[in-house]
Amino acid sequence: MGEFKVHRVRFFNYVPPGIRCVAYNNQSNRLAVSRTDGTVEIYNLSANYFQEKFFPGHESRSTEALCWAEGQRLFSAGLNGEILEYDLQTLNIKYALDASGGPIWSLAASPSGSQLLVGCEDGSVKLFEVTPDKIQFARNFDRQKSRILSLSWHPAGTHIAAGSIDYISVFDVKSGSTLRKMIVDRQHLGMTKSKCIVWGVAFLSDGTVISVDSVGKVQLWDSATGTLVKSHLIANADVQSIAVADQEDSFVVGTAEGTVFHFQLVSVTSNSSEKQWVRTKPFQHHTHDVRTVAHSPTALISGGTDTHLVIRPLMEKVEVKNYDAALRKITFPHRRLVSCSKRRQLLLFQFAHHLELWRLGSTAATGKNGDTLPLSKNADHLLHLKTKGPENIICSCISPCGSWIAYSTASRFFLYRLKYVRDNISLQRVSKMPAFLRSALHILFSEDSTKLFVASNQGSLHIIQLLEGSFKHLHSFQPQSGTVEAMCLLAVSPDGNWLAASGTSAGVHVYNLNHLKLHCTVPAYSFPVTALAIAPNTNNLVIAHSDQQVFEFSIPDKQYTEWSRTVQKQGFHQLWLQRDTPITHISFHPKRPMHILLHDAYMFCIIDKSLPLPNDKAVLYNPLPPKDESDVFLRRTTHAFKISKIYKPLLFMDLLDERTLVAVERPLDDIIAQLPPPIKKKKFGT
Amino acid sequence: MAALEEEFTLSTGVLSAGPEGLLGVEQSDKADQFLVTDGGRTVVLYKVSDQKPLGSWSVKQGQIITCPAVCNFQTGEYIVVHDNKVLRIWNNEDVNLDKVFKATLSAEVHRIHSIPGAEPLVLFSSGAIRGLEALLAEPQQKIETLISDEEVIKWSKFFMVFKHPVLIFLFFQHENYFVYVQMCKSHSLSKYTLLLGKEEKSITPKFTAYVDRKFISLMSLSSDGCIYETLIPTYSTDTEKNQRLVRSLVLKAVVSGGARNRTTLTNLDQDHVAVLGPPLPASKECLSIWNRKFQTLQSSKEFPQGTSGQLWYYGEILFMLHGKCLTVIPYKCQVSSLAGALGKLRHSQDTGTCSMPHFVNWEMCEGYELESHSAAQSRRILRRKKMEASLQPEVPGSEQLLSIINKDSEKHIEVELRKFLATSTPDFHTLLGDVITGLLGRCKAEPSFYPRNCLMQLIQTHVLSYSLCPGLMEIALERADVQMLQLCLQQFPDIPESATCACLKLFLSIGDDSLQDMSVSMESVFDCSDTMQDEEMEEQTEVVQNGFSPKDSNCSNENQELSEKPGAAKTVSCPVTPKRAALLNGILHSAYSETFLLPHLKDIPAQHIVLLLQYLNFLYLKCSGNAAMTLPGVNPPTLSQIMDWICLLLDANFTVVLMIPEAKRLLTNLYKFVKSQICVYSELNKIEVSFRELQKLNQEKNSRGLYSIEVLELF
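As they're listed, the protein sequences go chains A and B.
The working numbering numbers the first residue of the first sequence as 1 and each following residue consecutively.
The working numbering numbers the first residue of the second sequence as 1 and each following residue consecutively.
What the hints contain is simulated information worked out from the structure, not anything from laboratory work.
Check before you lean on any hint, since a few could be wrong.
[What the hints assert, rightly or not] DSS-like cross-link-like pairs, simulated, lysine-lysine; straight-line CA separation at most 27 Å: (1) A:Lys648 / A:Lys609; (2) B:Lys696 / A:Lys648; (3) A:Lys275 / B:Lys47; (4) B:Lys332 / A:Lys230; (5) A:Lys368 / A:Lys230; (6) A:Lys680 / B:Lys686; (7) B:Lys324 / B:Lys52; (8) B:Lys664 / A:Lys680; (9) A:Lys126 / A:Lys195; (10) A:Lys377 / A:Lys342; (11) B:Lys696 / A:Lys329; (12) A:Lys174 / A:Lys126; (13) A:Lys94 / A:Lys181; (14) A:Lys368 / A:Lys388; (15) B:Lys686 / B:Lys664; (16) B:Lys30 / B:Lys47; (17) A:Lys275 / B:Lys686; (18) B:Lys102 / B:Lys30; (19) B:Lys411 / B:Lys154; (20) A:Lys329 / A:Lys317; (21) A:Lys94 / A:Lys145; (22) B:Lys99 / B:Lys47; (23) B:Lys30 / A:Lys275; (24) A:Lys275 / B:Lys163; (25) A:Lys419 / A:Lys432; (26) A:Lys342 / A:Lys472; (27) B:Lys154 / B:Lys214; (28) B:Lys696 / A:Lys680; (29) A:Lys419 / A:Lys472; (30) B:Lys191 / B:Lys214; (31) A:Lys645 / B:Lys696; (32) B:Lys30 / B:Lys163; (33) B:Lys664 / B:Lys602.
Build the full structure now, drawing on both the sequences and the hints.
Laid out in structure tokens, this is it:
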């Protein structure tokens, strides 16, 4: 099949920010996740847990609370005191409203979704009405003496519970007055802590309030009498989060020790109608604090400082034992953070607030499979480009020739010209970039580096002609009338004639760059696109979807290719469909037109279209080389999928030339090493 | 495990229970409140948890209530019938029954049935059924006659089957019992003939029923004292034809066959049935809970003042008339487990009768289980019948053996038993149980009779368990037969802590000279030759623990002397003889629960505690002598067993041990050991950090650096 020299790169020092909040939306089966740097990501749980949208972070915006209201509107609030609403269509922030109560610690939407509550640093609980295009301050509840860290509505919307420091208050929503104050115990294993922070509260429809606090307790209160009903001491450290199932038959809490406990309402004895909350299952999927949990109808979702988003399906709720019943651990973003200049063998790494440019090393030696070759030249760190301003970088790209770098933030677009003089490098910013380029979601250079394609969040595509040290705006493809859906992915054909673009949900549009008009639209598919590429010469568009399907669409013929039809007829191998990370990059071999190279986080694959497809009985992963087997056996077992799982977690893989690959890995151990140390638990007695 | 809780009585000042007892106890629409109708004129509403009547209503002098008052769960009103035809409906606020709603009906009412979630049904003596609403709309409507005048409804019950109300009633005609099943929604009526045994003609059996999926399981307590079950389909295919129903035996001889009237039964749930009646002809009346599946007696309670032979059961509460008092017995049934079900097997020898004990026939139960899951439920009856039939011919052989056991000499029994053990019959387990019970029964009766070899053989069949023959260990304990006890400890999986502790006491107290003659399995004892000669208790121990050696500061003088002795102290001898050690090892291996064992351990004399502690300490020292922390030999006590027992003994007898001078040195040693252990753990905690660093270094070495160029070949 082929022998490659692989540049195995592990110096991409990327650390995903920790997860701060998760909010599950039952209506659309989507999950909103906010991270400590203010990034908000939307995962589509129906589409194989694909991260379909994201909102870039901002240094001054730390999201402390996240909630869905009015069906599918997403709100967040943070320590800058602002409530934000996100526009899920154009992927930008609709508005920010200062709640004028100091930093906001908690946010909760009423059961009907028409009201929002925020809990502020100054002890105030503020009620906002959700209007069709904004939110409007309605009134304040009785002011408490310290910050409100957690809020929960009674399912009837008549009462709320608010967790503060050392006590929980119950408010009447109509009057806004405090009905009840429940003082939590500061004692922890005989020691009295200076204060007890109520990290989370949950109000059940029978009037029970469940609280989780910093002394490690989960407590059940009767809100009518203000009495403690039951107390579970579950951790030596803080219990930081709680989420209750909609049916109120189970809830989940997360502790600072990284453990997630599942509580269920079970009958005291079988056949008995008397039920009680019992701690049923502990899960230890995290090493660090579990800052937030959510409870979907079928799964427990947790996230925290260790940056993993863990989706643990509840076996008793899963009807079919298919791959959805497996534990999901999502660590890396489902988009590319690395781009590559093939000609100059450069890699551009995108971080939240800077870019790094590296030049790959080289070797003169050769070897056989598995050898590590001696380096004649090591990799160089050429450039460290810091962004200006507090906004995170949304996307970045380096041109194939290596002389242009472009990146965009929410408010600006930056283009740099690079000049290489022997070992020195000079950088020159191209000024006066037009404002409409800001907040671009994908940037792409044409193969000859003369054109720049920018996908904006307004749904339009811009084509910029690059000249020496300057630019010219050539054309903008406007979105189909009526749609404002953001474009996320771009692909340009190597001959520069075709541009393919895909949005967050609708199909893939193909534009003719010579005539500057829409050529065709690939038939819509129900799962979002995760990667796009156009093959050289044939101009076949290869599309990977989040359900692991791969399609090949012939642009000149405006139809799926014969091979794609065959694949669809026969279906992919079972194991191929069961992979749990999306394909993030597709490329092609310049000399072998039958080959498609693609990768996800855990494997790299070359699909050879000339070979037969594997059926479900065939071995999909075949790591061992054929040895003394006869040709007959070989012929029978070879199939189109050549898979390597050596490099993982794989963030980027591309072909530099015919015989050279570059693989960017990010070992989890290296990420953990950069996290703060977890709470130490003693292994031995005493 | 089903259990009867402590009973309490409801004040019956207002009730006048006649000779026939009460008319009925019925649920009301509020939990915990029950309507009690006496045999005369009064209806009382009780709140059971308060043991108090909430209200009482009487009909006028001269009138008589003929049907127990029920509650209409849909409206919360109460309904009663007096003088057969007059219907009264009232609610809590009404004071006088004379002034409440009254409806005079055209026919005699047998009973009114009401259950939650359904409209009350009026069952007329003629067999006709009317919904209450329909009846009240036209009280004088004509009521058809289904059964003739001389036929009397013996029993009736109202169910919900898949949300459809179903009324079933039973009447007696021409020496036959007939069952009518009335589907109230579809108005379909099915008639069945109930085939009963010959003896049933004269005395009416007692009935109870429950819904088991698509069938109504009708259970009857016959005059021969057995419970039979009849399955009645709720969806009859053919309503016209008179279908016959066969009964099958469920439980044998639950009450004495002679008891005529004062017996009754009530179904509690799928598996449990409550039976009221004298278990033996002469005995007092007893309320017993039987597990039908395992055929075991779960709980039993005696009622010396006699009962009226009536029993009502509503949601975990049993009502009955004990003497003149209305007695309430809360009943709890946890999910039954096998061990729980086996735990309280009836001991027939306790009562002195010669009736054969019932052992679980597992083959049959298994078949029963499988069958009950299959859809073809009717086949199940047949199958069970067949099973029982096939069991019959086996009985003479086993009976012969049992009679031999009861009469013949030990030798003969042994020969016969060997023959029996050589053959393998399908109901081997059952027979074995009968045999051992027979043997033990005779042992108890005749003090001189002790068929030791037979018993040993039986134990070695690996079939017996403690709960199957609780008398066995008792007898062996009486006779101080340590060999037998050792065998029991090895073989029985379910020895209760009290028995374990009794064995322990015996093993500790039995004299060395008497042990000398016993043959005891020594496989768990190591190093016999070493300690064989050294039988007097030599207490020289020195703790050498994980490199920590106690520097005796304030130990006893003896210890100091010892440590001063040149060349001494490294050899440790066993404080007990090897035989005793073997026995004690058996105890150490046995399963126990701390909560149950601790109280028994407190009864052991102090010097024995010390001896055992010394032995355990010795074992521990031997254990820690090698790197694997195990003892040599076949199946020796494990380190955790030893440690658990030391802790248990100290927990149970701490003050005692503290007061005994000879234990002082032992305690000091143990204390030092614990202290050294703490030291070691804290050191380990420190080392852990260093190890982690080392691991990190190791990882760095393994990881190939941040950048490399490798060769990859794809095949």
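Here is how each hint holds up against the structure:
1. A:Lys648 / A:Lys609: holds (25 Å)
2. B:Lys696 / A:Lys648: holds (20 Å)
3. A:Lys275 / B:Lys47: The hint holds at about 23 Å.
4. B:Lys332 / A:Lys230: holds (25 Å)
5. A:Lys368 / A:Lys230: violated (66 Å)
6. A:Lys680 / B:Lys686: holds (13 Å)
7. B:Lys324 / B:Lys52: Roughly 16 Å separates the two Cα atoms, so the pair holds.
8. B:Lys664 / A:Lys680: With a Cα-Cα distance of about 40 Å, the restraint between Lys664 (chain B) and Lys680 (chain A) is violated, given a limit of 27 Å.
9. A:Lys126 / A:Lys195: holds (24 Å)
10. A:Lys377 / A:Lys342: This hinted pair holds, its Cα atoms lying about 17 Å apart.
11. B:Lys696 / A:Lys329: holds (24 Å)
12. A:Lys174 / A:Lys126: holds (13 Å)
13. A:Lys94 / A:Lys181: It is violated: about 37 Å lies between the C-alpha atoms, which goes past 27 Å.
14. A:Lys368 / A:Lys388: Since the Cα atoms of Lys368 (chain A) and Lys388 (chain A) sit roughly 47 Å apart, the hinted pair is violated (cutoff 27 Å).
15. B:Lys686 / B:Lys664: Violated: Lys686 (chain B) and Lys664 (chain B) sit about 33 Å apart, past 27 Å.
16. B:Lys30 / B:Lys47: Distance ~9 Å between Lys30 (chain B) and Lys47 (chain B) Cα, so the pair holds.
17. A:Lys275 / B:Lys686: violated (46 Å)
18. B:Lys102 / B:Lys30: Cα-Cα ~24 Å, so holds.
19. B:Lys411 / B:Lys154: Roughly 57 Å between the alpha carbons, so the hint for Lys411 (chain B) and Lys154 (chain B) is violated.
20. A:Lys329 / A:Lys317: Given pair Lys329 (chain A), Lys317 (chain A) holds - Cα atoms ~19 Å apart, limit 27 Å.
21. A:Lys94 / A:Lys145: violated (33 Å)
22. B:Lys99 / B:Lys47: holds (25 Å)
23. B:Lys30 / A:Lys275: Judged against 27 Å, a Cα distance of about 20 Å means the pair holds.
24. A:Lys275 / B:Lys163: holds (25 Å)
25. A:Lys419 / A:Lys432: Status holds; Cα separation ~20 Å.
26. A:Lys342 / A:Lys472: holds (25 Å)
27. B:Lys154 / B:Lys214: Cα-Cα ~24 Å, so holds.
28. B:Lys696 / A:Lys680: holds (16 Å)
29. A:Lys419 / A:Lys472: holds (20 Å)
30. B:Lys191 / B:Lys214: At roughly 17 Å apart (the allowed maximum being 27 Å), Lys214 (chain B) and Lys191 (chain B) satisfy the hint.
31. A:Lys645 / B:Lys696: holds (25 Å)
32. B:Lys30 / B:Lys163: Within the cut-off at roughly 21 Å; holds.
33. B:Lys664 / B:Lys602: Holds, at about 19 Å.
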